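K.L.:
Read off the chains here:
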Amino acid sequence: MLSMQNISMVYRTDTVETHALREFSLEVGEGEFVAVTGPSGSGKTTFLNIAGLLERFTSGKYLLDGKDVSSLSDSDTSKVRNEKIGFVFQGFNLIPDLNVFDNVDVPLRYRGFDTAERKRRIEGVLERVGLSSRAKHLPSQLSGGQQQRVAIARALAGEPRFLLADEPTGNLDSHMAESIMALIEEINAGGTTVIMVTHDPALAERAGRNVHIRDGQVSDVETDVQLVANA
Amino acid sequence: MQIGPIWRALMRNKTGAILIALQVAVTMAIMVNAISIIQSRAESMARPSGVDEPNIFHIVSVGYTEDFDERSVIEQDLAAIRAMPGVIDAIQTNSVPLSGGGWSMGLQTEPGADQDGVGVAVYFVDEHGLDTYGLKLVAGENFTPGDVEWRERQATDWPSTTLLTQAMAEQLFPDNWRDALGATVYINDDEPLVVKGIIERMQAAWNGWDGVERVMLVPQHTLFGSTRYVIRTEPGQRDSLMPEVEKLLADSNRDRIVRGMQTMTETRERSYRGDSSMIKLLTFTIVLLLVITSLGIVGLASFSVSRRTKQIGTRRALGASKSSIARYFMTENVLISGVGVALGAVLTVGLNMLLVDAFGLDRLEIWLVPAAMLVLLLVGQLAVFGPARRAAGVPPAVATRTI
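Residue numbers (this note's numbering), protein chains in the order written: chain S, 1 to 231; chain D, 1001 to 1403.
So here's chain S without its partners, still in its complex pose (with noise of 0.2 Å):
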């Protein structure tokens, strides 16, 4: 599903030249559910940029089911992000001007469905988080963990293949923590793949895959057996 191949990032001032990831490479199957782990600075969020056709690397290949996205134009970019993408920021990232509703509307606008369409799936998905009764209130008026899901209900309502969430537990406290957490593992446990970037070894535990990122490169990959059998 997902496969990087001798990725390098490169961010390059007038004097200073920053190897954010070195020749990573990663495959990523259809349905798995991968935690991404690493010290600050390791280039986890780079590659979840990368993963997330945020940015562009330097050099390297990437295949996005199967189609190499390197040479995408920014719109195309821009739609398969839309479609095949959804993401889960640490700090929520909802727009602070428009309700619930509203928030989970937004990339189902630039998707181009009607009305009736945006209306089914946002109030599916609200009913799937758990907060069909908040869909008029501001994000500033949900608690950190109700904004979270407002979050992946709003990375949900495309039905994406593939869902990245950048520390998404981040900003909560350990109970709104588990409730994401366990909300994630069900998407998982749905067939959506599941790239989750964590400083934290104990939700890294739940994923099924833990890539450990150390100077821009896999150090280390944990199978669920493993994982099982160090805990």
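Hints may contain errors.
List time: in silico EDC-like cross-link candidates among lysine to aspartate or glutamate, alpha-carbon distance up to 16 Å [to be verified]:
| no. | chain 1 | residue 1 | chain 2 | residue 2 |
| --- | --- | --- | --- | --- |
| 1 | S | Lys136 | S | Asp74 |
| 2 | D | Lys1136 | D | Asp1052 |
| 3 | D | Lys1136 | D | Asp1089 |
| 4 | D | Lys1014 | S | Glu185 |
| 5 | D | Lys1322 | S | Asp76 |
| 6 | D | Lys1136 | D | Glu1043 |
| 7 | D | Lys1280 | D | Glu1043 |
| 8 | D | Lys1322 | S | Asp74 |
| 9 | S | Lys79 | S | Asp65 |
| 10 | S | Lys61 | S | Glu27 |
| 11 | D | Lys1310 | S | Glu27 |
| 12 | S | Lys119 | S | Glu159 |
| 13 | S | Lys79 | S | Asp68 |
| 14 | D | Lys1322 | S | Asp97 |
FYI, nobody ran anything at the bench for these hints, they're computed from the structure.
Quick caveat, the model's predicted, so the values are computed rather than measured.
Given chain S, work out where chain D should sit, using these hints.
P.N.:
Just chain D, lined up with the frame of chain S:
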């Protein structure tokens, strides 16, 4: 389109938007009324005077000694000027169109002090008047030399004939101006004048007078001490003949001074100098207001883009293309400016009604309102284009940045 969410988002952050909408509204009200005034002034300036302006100049001669025989000097001057090569014709008169100073009287169709008169500007001319000014006779005939009399400064008598402009004839005979031809009209309540001819158009000395085209020509030479000669030249010869005529008059008689030589073009320019300045000032005001409004829109949009950088990145991450982002800000501006111009339309009409009542200005032509709405919407779109492009350039990776 995302008009609904954009509108709802605007309503939750409305202070800046309301201020810009108000600015647009006030700009529109001032702009449209200023354009209406400019239009009215420009129309007034564009009215034809009826005379051959490019080829006419005039000059004043004032006798100042007791030996100065004004009548014979005028006769000699006119004969000499008319004989000059390049001169089409010349007259002696009391005033010229648009000069700002002249005579006015009242004419009525029935004698008696109880009859209402119609105000009219008076020019004293002889049988050369039509040729000198290049006036077009549309009915009747010109004066003959026998019609022309000499008028002393204190005289109150009027000759027996007159020529009227068509505008004056229409005022006196509203049913059919042609009825004026051959009719007897009365000046000074009961002095009869027979209308000998009707000229198409000629303007009075005062451009601001609402009866500026109501003129009568009277066949008299005036002996008022100060006299004005009007000279019409062949095309292209005016400027070279002016110093020659001035020298001729100055050299031919030392008992007078010659002054105030001016072309009709200069006379028109001086007459409308106030209007011309007003048009420039109002145009400057309109441009200034448009620039200030545009800067306001640029400022609000730029602030909005800076404040929403993360939001823009998030939208891009969720699938918005660059053009979708640009369109978002353009649409937002259309909504703000749309409210502004709608409010502006009401303000514009209100301000116009106030100006009409208070200063007697013309009512604005209503097509100006939708035209101005369109212009301001376009100006808004142009102003927001830069910030919208900047917004479109925000990379989607901003969504994952923690600052």
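K.L.:
Are the hints correct? Go through all of them and say.
P.N.:
Taking the hints in turn, this is what the structure says about them:
1. Lys136(S) to Asp74(S): Given that 16 Å is the threshold and the Cα spacing comes to 33 Å, the pair is violated.
2. Lys1136(D) to Asp1052(D): holds (10 Å)
3. Lys1136(D) to Asp1089(D): holds (15 Å)
4. Lys1014(D) to Glu185(S): Since the Cα atoms of Lys1014(D) and Glu185(S) sit roughly 41 Å apart, the hinted pair is violated (cutoff 16 Å).
5. Lys1322(D) to Asp76(S): Within the cut-off at roughly 11 Å; holds.
6. Lys1136(D) to Glu1043(D): violated (22 Å)
7. Lys1280(D) to Glu1043(D): holds (15 Å)
8. Lys1322(D) to Asp74(S): Satisfied, since the Cα-Cα distance of roughly 8 Å is no more than 16 Å.
9. Lys79(S) to Asp65(S): Answer holds: Lys79(S) to Asp65(S) is near 14 Å, not above 16 Å.
10. Lys61(S) to Glu27(S): Holds, because 12 Å separates the two Cα atoms, which is no more than 16 Å.
11. Lys1310(D) to Glu27(S): This hinted pair is violated, its Cα atoms lying about 30 Å apart.
12. Lys119(S) to Glu159(S): holds (14 Å)
13. Lys79(S) to Asp68(S): Within the cut-off at roughly 14 Å; holds.
14. Lys1322(D) to Asp97(S): violated (21 Å)
In summary, the structure is inconsistent with hints 1, 4, 6, 11 and 14 from the numbered list given earlier, while agreeing with the others.
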